[in-house]
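Here the protein sequences line up with chains A and B, keeping their order.
Numbering-wise (UniProt numbering), the first sequence opens with residue 1 and increments by one.
Numbering-wise (UniProt numbering), the second sequence opens with residue 1 and increments by one.
Just so you know, the hints here were simulated from the structure itself, not pulled from any lab data.
Among the hints, erroneous ones may be present.
Among the chain B residues that face chain A by a calculated CB cut under 8 Å, a handful are [unchecked claim]:
1. Ile59
2. Ala62
3. Asp63
4. Gly69
5. Leu79
6. Ser88
Restraint ranges, calculated between C-beta atoms of paired labels, are given here [as the list claims (entries may be wrong)]:
7. A:Val81 x B:Gly91: 24 to 32 Å
8. B:Pro28 x A:Gln83: 17 to 25 Å
9. B:Gln140 x A:Pro27: 25 to 33 Å
10. A:Gly84 x B:Ser105: 34 to 42 Å
11. A:Gly84 x B:Thr100: 22 to 30 Å
12. A:Glu11 x B:Gln138: 29 to 37 Å
Remember, predicted model here, so these are calculated numbers, not experimental data.
Built from N, CA and C at the ideal position, the CB exists for glycine as well.
So you can see what is in the structure, the chains are spelled out below.
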Amino acid sequence: MEKSFKITASEGIHARPATLLVSSATPYKADVQLTYNNKSVNLKSIMGVMAQGIPAGAVVTISAEGPDEAELLNKVEEVIVTQGLGEKC
Amino acid sequence: MLSRFFNKRKLQILAPVKGEMLPLEQVPDPVFSEKMMGDGVAIMPEDGGIHSPIEGTVILVADTKHAIGIRANDGTELLIHIGLETVSLHGKGFETLVETGDSVSIGQLLIEVDWKFVKENATSIITPIIITNSAEKQIQLEPIKKCNPGETVLMTVTPK
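Next comes chain B alone, as it looks inside the complex:
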């Protein structure tokens, strides 16, 4: 009843990279496919760097540069994990352009990736995009589509 009086704010999560959107269930790693980290989608990247899917603050840059976490102003926490088993590349193939604490805007370039190198040296380049505090959120996934960074909406997050 009361909720009718609150204008629940919606947060749109845009694509961080050019490529094909895939359901999380198709990521060949149970940590992601069984949604142990949270709900989200994946992208099979085609080209270009990783751009910010939201406006917010960088809260995590892995020392190995293969993962980045951003907190939106509404508290939503989003993790972009570039490829699978990419932790073992120890930063090779990635160049980070931001650090923890930086404010980022939608579409801002965050990480440059040498996709050819990562493809040859990691299990996969499939890139899960996860809402890690999704237990507190309601997440509406968009239908599968081609993605352009900073343009294509992947999902919409609203408070529960």
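Next comes chain A alone, as it looks inside the complex:
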């Protein structure tokens, strides 16, 4: 399953937002990918997420597959919204 978000953090997904995202996903078993500009990276990799260079205004898709995929996506959405990183779209 997947969810899409519009990134609203003014500096995009740099070190701190990337770390928050990865920390939110890492405790779950499901595999999770972050797709931006047709390029997918593992959402559990800080370097991978930072290397995407996601700017403010970008739309990203997060897709998870595994036994706890729904819980993972809910947690990631909660972090994106409460930390002011983006909004669901």
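Fit chain B to the given chain A structure using the hints.
Same frame as chain A, now just chain B:
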């Protein structure tokens, strides 16, 4: 038992910049001090550019030029984050000399920094050096010392 038969390869991480080594806990930003990004050390830079601490491949150069990621041949991923809140400088004060995909050697100059400008316009010039995939690694930190780029060992990484 089996591990005795494997010669675990050690990766030495050298200092990327001249300055004073500090424990990560002293970086005034919880993303680094609470090791949310991974284990590592920090350097309070004194002078000169950012040099490669390992042999490897550049896997990340921030558009804002304030951070660089390098993957060593053993898979260790290392992030050098120059200063704090330096993302907001939008590249001013930095000049990158390499790009993603480049092979780099130990001590190679990667980024030139106008430390005076960064000091005046960012929260701090303290520069964390983080192993971002440290969950897969065993990291031995060296005692605090003065650092010279490409010479001083900061930490040693071995596979778990």
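Each hint tested on the structure:
1. The interface hint given for B:Ile59 holds, since its Cβ lies 6 Å from the closest Cβ of chain A, which is under the 8 Å cut-off.
2. For B:Ala62, the suggested interface contact is upheld, since its CB lies about 7 Å from the closest CB of chain A, less than 8 Å.
3. Because the beta carbon of B:Asp63 sits about 5 Å from the nearest beta carbon in chain A, less than 8 Å, this interface hint is met.
4. Hint status for B:Gly69 relative to chain A: holds, with the closest Cβ pair at about 5 Å, below 8 Å.
5. Interface hint status for B:Leu79: upheld, as the beta-carbon distance to the closest one in chain A is roughly 7 Å, under 8 Å.
6. Look at B:Ser88: its Cβ gets to within about 6 Å of chain A, closer than 8 Å, so that hint holds up.
7. Range check, A:Val81 to B:Gly91: Cβ separation about 29 Å, and the 24 to 32 Å hint holds.
8. Checking the proposed 17 to 25 Å range against B:Pro28 and A:Gln83 shows it holds: the Cβ atoms sit about 19 Å from each other.
9. At roughly 26 Å, the beta carbons of B:Gln140 and A:Pro27 sit within the given window of 25 to 33 Å.
10. About 40 Å separates the C-beta atoms of A:Gly84 and B:Ser105, a value consistent with the hinted range of 34 to 42 Å.
11. Under the hint 22 to 30 Å, the C-beta atoms of A:Gly84 and B:Thr100, about 28 Å apart, fit the expected range.
12. For A:Glu11 and B:Gln138, the Cβ-Cβ distance of about 33 Å falls inside the hinted range of 29 to 37 Å, so the restraint holds.
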